[in-house]
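Please model the entire structure based on the sequences and the hints provided.
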Amino acid sequence: MKASVILSTYNSTEWLEKVLVGFSVQTEKDFELIIADDGSGEETRLLIEQYQKKLPFPVVHVWQEDVGFQKSRILNKAIVASQSDYLIFTDGDCIPRKDFVEVHLAKRDQNCFLSGGYFKLSRTVSEAITLQNIVNQDCFSMNWLQSKGLNKSIKSIKITSKGIFSDLMNWVTPTKATWNGHNSSGWKTDIVKVNGFNEDMQYGGLDRELGERLFNAGLRSKQIRYSAICIHLDHERKYMTEASVKKNLQIRKNTIKNKVVVTPNGIVKV
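For the sequence shown, this note's numbering gives the first residue as 1, with consecutive numbering after it.
Don't read these hints as lab results, they were simulated from the structure. Check each hint, because a few of them may be wrong.
[To be verified] Result set (EDC-like, lysine to aspartate or glutamate): computed pairs, CA atoms no more than 16 Å apart in a straight line: (1) K148 with D234; (2) K2 with E28; (3) K2 with D30; (4) K2 with E32; (5) K29 with E102; (6) K162 with D99; (7) K98 with E43; (8) K120 with D234; (9) K107 with E28.
[Said to hold, decoys possible] Quick list of simulated restraints, FRET-style, between CB atoms: (10) F57 with Q146: 24 to 34 Å; (11) Q146 with T27: 17 to 27 Å; (12) K152 with P264: 17 to 27 Å; (13) T124 with I157: 31 to 41 Å.
In this text the structure is predicted, and so the values were computed from the model without any measurement. Heads up, the beta-carbon is just placed ideally off N, CA and C, and yes, glycines get one too.
Written as structure tokens, this is what we have:
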């Protein structure tokens, strides 16, 4: 397979199903989908089993017991389970445009990781999107989104840009090309070399910290936020705590200051 798409989720079947349908209509079909499940219940398991039977590519369900927010741990398990040498990371609340996987594969490069973004929707617009709207790609049309209540904004060019225009926007954007868990990709060998995600980290910057260690390992990053498009569905974040955000910030400061490459608490426990 050309790629392993690693998709994180936790007890959000309505959003997860929309994302699964988004991957069902990808222009590139030569990939596996690994669902990194941080302790979801029976409803999620049954939904995944349903889609395992009808999606045109392998769907692997990697699950761990619910002991609180442990996204780093389940992502590392998904990395180990992956069968491709190229890994694309996203979340179970981000619907990919039909060329999402194709773009990541087309833009990949040696000694480099790709940094994408997302277009954030309101709860009202998120709920208005049906499965058929995803199949038809209506949800990537600004006219359609505005008809459902989306406010017009300069940021809307992110969702419709393609071709030379998207390449230009990737070049001129002031946004740094960091590792973003909802839309980033890289070679498995590079991610394993830095020992994957730091399992000392809960919510708040765990994805960015991986990217900072990849930089420390000598990798560069490439901006694709106007090329690899996904829309972010609105939801609560009950797992976000001030303590975890503060702790993670200190870990990231240490990673940058001391040029840490390998986390001791990652795929392998050093």
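Structure-based check of each hint:
no. : hint                       : in the structure
1   : K148 with D234             : holds, 14 Å
2   : K2 with E28                : holds, 9 Å
3   : K2 with D30                : holds, 6 Å
4   : K2 with E32                : holds, 9 Å
5   : K29 with E102              : holds, 9 Å
6   : K162 with D99              : holds, 10 Å
7   : K98 with E43               : violated, 26 Å
8   : K120 with D234             : holds, 7 Å
9   : K107 with E28              : holds, 14 Å
10  : F57 with Q146: 24 to 34 Å  : holds, 33 Å
11  : Q146 with T27: 17 to 27 Å  : holds, 26 Å
12  : K152 with P264: 17 to 27 Å : violated, 48 Å
13  : T124 with I157: 31 to 41 Å : violated, 22 Å
Checked against the numbered hints above, the structure violates hints 7, 12 and 13; every other hint is satisfied.
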